[in-house]
Amino acid sequence: MTSDSITELWRYRELLYFFAWREIKVRYRQAALGVAWAVIQPLFAMIIFTLLFGKLARVPSEGIPYPIFCYTALLPWTYFSSVLALASNSLVSNDSLLTKVYFPRVLLPAGTALAGLVDLAIGSFLLVGLMLYYHVHTSWVLLLSPLVILITMLVTMGVSMVMAAANVRYRDVRYALPFLIQIWLFATPIIYPVSMIPERFRPILALNPCWGMVSAFRACVFPQLPFDFKLIGTSIGVAVLLFLGGAYYFYRAEKSFADVI
Amino acid sequence: MSIAITVEHLSKQYQIGHAQRSTTLREALTGLMKLSFLRNWQQEDTIWALRDVSFSIERGETVGIIGRNGAGKSTLLKILSKITYPTSGEIKVGGKVAALLEVGTGFHQELTGRENIYMNGSILGMRKKEVDRKLDAIIEFSGLEKFLDTPIKRYSSGMRLRLGFAVAAHLDPDVLIVDEVLAVGDAAFQKKCLNAMENLRAGARTVLFVSHNLAAVENLCQRCIWIDGGQVRMDGKSRPVIEAYLGSVTGTQALAADLDDVQNRRGNGRIRYRAVEFLSPEGISQRVVRAGDPVVMRFHYVVSEPTPHPSLGFRMYTDLGTLVTETSTWHHGINIPLLETGKGYIDLEIDCLNLLPAKYALSLWATDDGGNVVYDNVECGVTLEVETANIYQSGKDLDSRCGIVFFPQKWNLSGTLRTVRESVKQASQCAPQTR
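Each protein sequence line maps, in turn, to chains E and W.
Under my numbering, residues 465 to 725 are what the first sequence spells out, in order.
Under my numbering, residues 6 to 440 are what the second sequence spells out, in order.
Don't take each hint at face value.
[As the list claims (entries may be wrong)] Facing chain W, from chain E, some residues (calculated, C-beta under 7 Å):
{"#": "1", "residue": "R486"}
{"#": "2", "residue": "V565"}
{"#": "3", "residue": "K719"}
{"#": "4", "residue": "A722"}
[As the list claims (entries may be wrong)] Quick list of in silico lysine-lysine cross-link-like pairs, DSSO-like style, CA-CA up to 27 Å:
{"#": "5", "chain 1": "W", "residue 1": "K158", "chain 2": "E", "residue 2": "K489"}
{"#": "6", "chain 1": "W", "residue 1": "K151", "chain 2": "E", "residue 2": "K489"}
{"#": "7", "chain 1": "E", "residue 1": "K719", "chain 2": "W", "residue 2": "K101"}
{"#": "8", "chain 1": "W", "residue 1": "K151", "chain 2": "W", "residue 2": "K196"}
{"#": "9", "chain 1": "E", "residue 1": "K489", "chain 2": "W", "residue 2": "K133"}
These aren't lab readings, by the way, just hints derived from the structure by calculation.
Don't be surprised by glycine CBs; every beta carbon is placed ideally from N, CA and C.
Bound-form chain E, shown alone (with noise of 0.2 Å):
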């Protein structure tokens, strides 16, 4: 089974590349905001939290000025976010597809996922001018970034495969997601720092799969904090299994795409 998909995805390179192309295009033609969405979304975001967690609340931020502490958290967050948001639709707004011609399914969800790539890059910009501003030093740990936006992928993939894939059966799935959403924000150390979750409960918050990419994404810009291997690595691994659980499910799902969508 397995190495049979893999040729023939890589066979269909091609129209994963061209998914995703027509994501972006469709995105950016028509908007009037254009390019400035992909970093108004973590912006305004990190603004608010700034406002209401750093000075409202005081929430401690590990000696780091809050707005970057939070947005460094909030970049990979809002492309695992946004990303699952449209592939676990991905399917079912392309029904027409899945019924007149065959493709490996799975392309549809990944290249949203390689779309969001740019949005990503757009929104690591402002990350730069922020670094800049608050003159971080930076130090060669700053160079994993790639990795770790590679795990933010395998992160956003394996949970939209499970998604995209349950959507087309369980239709309501898409309205559950916005408020799975919303609580998996607050489970994921954005707003506030590891430090101030109690030492006995991190273990059960590790198995969250976006902390692992959270943390790890804000200590290639800040490597001062302290970085937890175990917890990170325990996260990191559950990000895999959910992948590879996630793409098992969607293997399994997609025999029956085109009879029941």
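Add chain W to chain E, keeping to what the hints say.
Chain W in isolation, oriented as in the chain E frame:
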């Protein structure tokens, strides 16, 4: 010759109606709690779209697939294109497959014509380099050079069709599967498509062609497979298969309608209609009847147990569903004391069939005296085709545009003659006298 497509004992079952599993997560979860997933499937909840279909197609053959609507042709194509999977059985397709189940798959409204060519081409399996190479040819075929950089949401449906087909016509697969895409488009476009298909065929490719355009099928395909009710009814040279298929649809047998095999009927079956014949007054069976002809409708039936006082009759409808007339032994106040077990027939003698030329459908029914117990009811099981005739002795060709019925009639002009005489008189009075 190597085999391009092999289909072995292919079956596809669909679940219909309430047997489908719940469509929302909420329902699924509550169902789980009620343990309702332990309920058994009932037989009526599934249909077999395909049942034990087997055939093989060699490389280079062009095969047509024909059959009534709902026979399972599209399902077969979907399985061959890997869009859906069989319930049982196996298929093997060798080589690069391109399935054209729709023209313009993958088109996105916001993208321009040019961008959509790439999108569509890629979806159909063409590499980007291949599209680059064939781009000019595709553009020329479509005839849409001027509009290539406009988003296709501004295109008319005909333009979209031309664009989609231009890409499809430049596919280069080993196996091409085409599903009724020629059903849309004007005559010129259809001709263009057929030519393109011819070219594809000439390239020693294997082509599977599903269409209702039997002339096109006969022209393009050496071999035909007739799918009926999910099974292969006939598989062989095109002409005999098409003729057999047409024969079953229009019924060129002596009987106007053979109702023995019709399943779609109500009633307890105590009296069961077997066939209907249309006869001339001399007793000769006729397939078509002309307007105004005398005709005898003979209704053959079989009775399973002696039935007292039945009523037999029918309703006649136009092809749009308008009820033309209903008649029966009850309407005529006829009392049939008893119908014995076994076969029999009842005749309705019509002196003059006052129906304008068209196709009509008959729904036959047989009930007890009060119309409460239904023995048999076959909806629209019989077609009566009324041919043109010189109805009013005028030589004019009249049809359903003039209505449904006509009456024996004659126009009388005697009242008009005085007016003519009057106006002639007036005219001669007004005209200057010339000497």
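The hints, checked one at a time:
The interface hint given for R486 (chain E) is met, as the beta carbon of that residue sits about 6 Å from the closest beta carbon of chain W, less than 7 Å. Interface hint at V565 (chain E): satisfied, since its Cβ lies 5 Å from the closest Cβ of chain W, which is below the 7 Å cut-off. Given the 7 Å rule on beta carbons, the hint for K719 (chain E) holds: about 5 Å separates it from the nearest Cβ of chain W. At its closest, the beta carbon of A722 (chain E) sits 4 Å from a beta carbon of chain W; the interface hint therefore holds under the 7 Å criterion.
A hinted pair counts as satisfied when its Cα atoms are at most 27 Å apart, and K158 (chain W) with K489 (chain E) qualifies at roughly 15 Å. As the CA atoms of K151 (chain W) and K489 (chain E) are separated by approximately 21 Å, the hinted pair is consistent with the 27 Å bound. Taken as a hint, the K719 (chain E) and K101 (chain W) pair is honoured in the structure, with Cα atoms around 20 Å apart against an allowance of 27 Å. Taken as a hint, the K151 (chain W) and K196 (chain W) pair is honoured in the structure, with Cα atoms around 23 Å apart against an allowance of 27 Å.
Proposed proximity of K489 (chain E) and K133 (chain W) is supported: the alpha carbons are some 17 Å apart, at most 27 Å.
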